[in-house]
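Turn these sequences into a full structure, and let the hints guide you.
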Amino acid sequence: MTQPEPLTPLAEDWQRALAVVAHPDDLEFGAAAAVARWTAQGKEVVYCLLTSGEAGIDGMAPERARVVREEEQRASAAVVGVPVVEFLGLPDGLLEYGVPLRRAIAAVVRRHRPDVVLTNNFRETWDGAYALNQADHIACGRATLDAVRDAGNRWIFPEQLTDGTQPWSRVREVWAAGSPAARHGVDVTDTFDKGVASLRAHGAYLSGLGDGGFDAEEFLEGMARPAGSRLGARFGATFEVFQINLQ
Numbered sequence: 105m106t107q108p109e110p111l112t113p114l115a116e117d118w119q120r121a122l123a124v125v126a127h128p129d130d131l132e133f134g135a136a137a138a139v140a141r142w143t144a145q146g147k148e149v150v151y152c153l154l155t156s157g158e159a160g161i162d163g164m165a166p167e168r169a170r171v172v173r174e175e176e177q178r179a180s181a182a183v184v185g186v187p188v189v190e191f192l193g194l195p196d197g198l199l200e201y202g203v204p205l206r207r208a209i210a211a212v213v214r215r216h217r218p219d220v221v222l223t224n225n226f227r228e229t230w231d232g233a234y235a236l237n238q239a240d241h242i243a244c245g246r247a248t249l250d251a252v253r254d255a256g257n258r259w260i261f262p263e264q265l266t267d268g269t270q271p272w273s274r275v276r277e278v279w280a281a282g283s284p285a286a287r288h289g290v291d292v293t294d295t296f297d298k299g300v301a302s303l304r305a306h307g308a309y310l311s312g313l314g315d316g317g318f319d320a321e322e323f324l325e326g327m328a329r330p331a332g333s334r335l336g337a338r339f340g341a342t343f344e345v346f347q348i349n350l351q
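For the sequence shown, my numbering begins at 105 and goes up steadily by one.
No lab work stands behind these hints: they were computed from the structure. Quick caveat, the model's predicted, so the values are computed rather than measured. Incorrect hints may appear among the rest.
[Unchecked claim] Pairwise CB distance ranges, derived in the manner of DEER restraints:
1) Gly268 <-> Gly317: 47 to 53 Å
2) Gly197 <-> Phe318: 48 to 54 Å
3) Tyr234 <-> Gly314: 15 to 21 Å
4) Gly193 <-> Gln270: 22 to 28 Å
5) Gly312 <-> Leu236: 17 to 23 Å
6) Gly193 <-> Leu265: 45 to 51 Å
7) Trp259 <-> Glu321: 44 to 50 Å
All C-beta atoms, glycine included, are put in the ideal place defined by N, C-alpha and C.
Structure below.
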């Protein structure tokens, strides 16, 4: 049997990160333990949620789910040391790749001026074969990758450049968590438990999964152990890295 190739550790010589994902819980399904590692190092991480996940709980009306899921996301972020969580209020389940989504994300990048940007896997599948990804994740990741470049060009969305806002062209890389094409990773052995606690903070959402017996620790361990073995560690988190070229 062919062994998976080793993962290259992500660079950690940066200070500010912006995470842009589609829904509450997206970061917690694998990336939150990495965020906990970075905030423990004194790095700044900001979360931007494109939607509030209001269509994500079958037994709860969207108006109520919006409130519950925003509260759970803020609590979840606090567990891993993230004090700033923004919600753009776009419609859950209906995100579309295109200029309006790029514009919204570019504005966030220009406002927060990050060194690196995190997003979710936006490949067609989770496993490179059969486990289909969700449409919002694909639209979010593709738009984030393009919006990072848009943010550095003063002639794209120039209406945003008011009240001191300037283009931001210093994002070094975009990191897509959980991609089947990931070749980089992070040792999260010391912060794995915080990642589990961060996912468990989404109690209302998790209670509606399957038969209600979802085990956050078991699920995350099933991904973190194989990633860790590729890093020479107990637990790891994987990322696909995209270098930014503004040309």
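Going down the list of hints, with the structure as the test:
Range check, Gly268 to Gly317: Cβ separation about 51 Å, and the 47 to 53 Å hint holds. Under the hint 48 to 54 Å, the C-beta atoms of Gly197 and Phe318, about 20 Å apart, miss the expected range. Range check, Tyr234 to Gly314: Cβ separation about 19 Å, and the 15 to 21 Å hint holds. With their beta carbons about 25 Å apart, Gly193 and Gln270 fall inside the hinted range of 22 to 28 Å.
As the Cβ distance of Gly312 to Leu236 is approximately 20 Å, the hint placing it in 17 to 23 Å holds. Separated by about 23 Å at the C-beta atoms, Gly193 and Leu265 break the suggested range of 45 to 51 Å. For Trp259 paired with Glu321, a C-beta distance near 49 Å keeps the hint of 44 to 50 Å intact.
Checked against the numbered hints above, the structure violates hints 2, 6; every other hint is satisfied.
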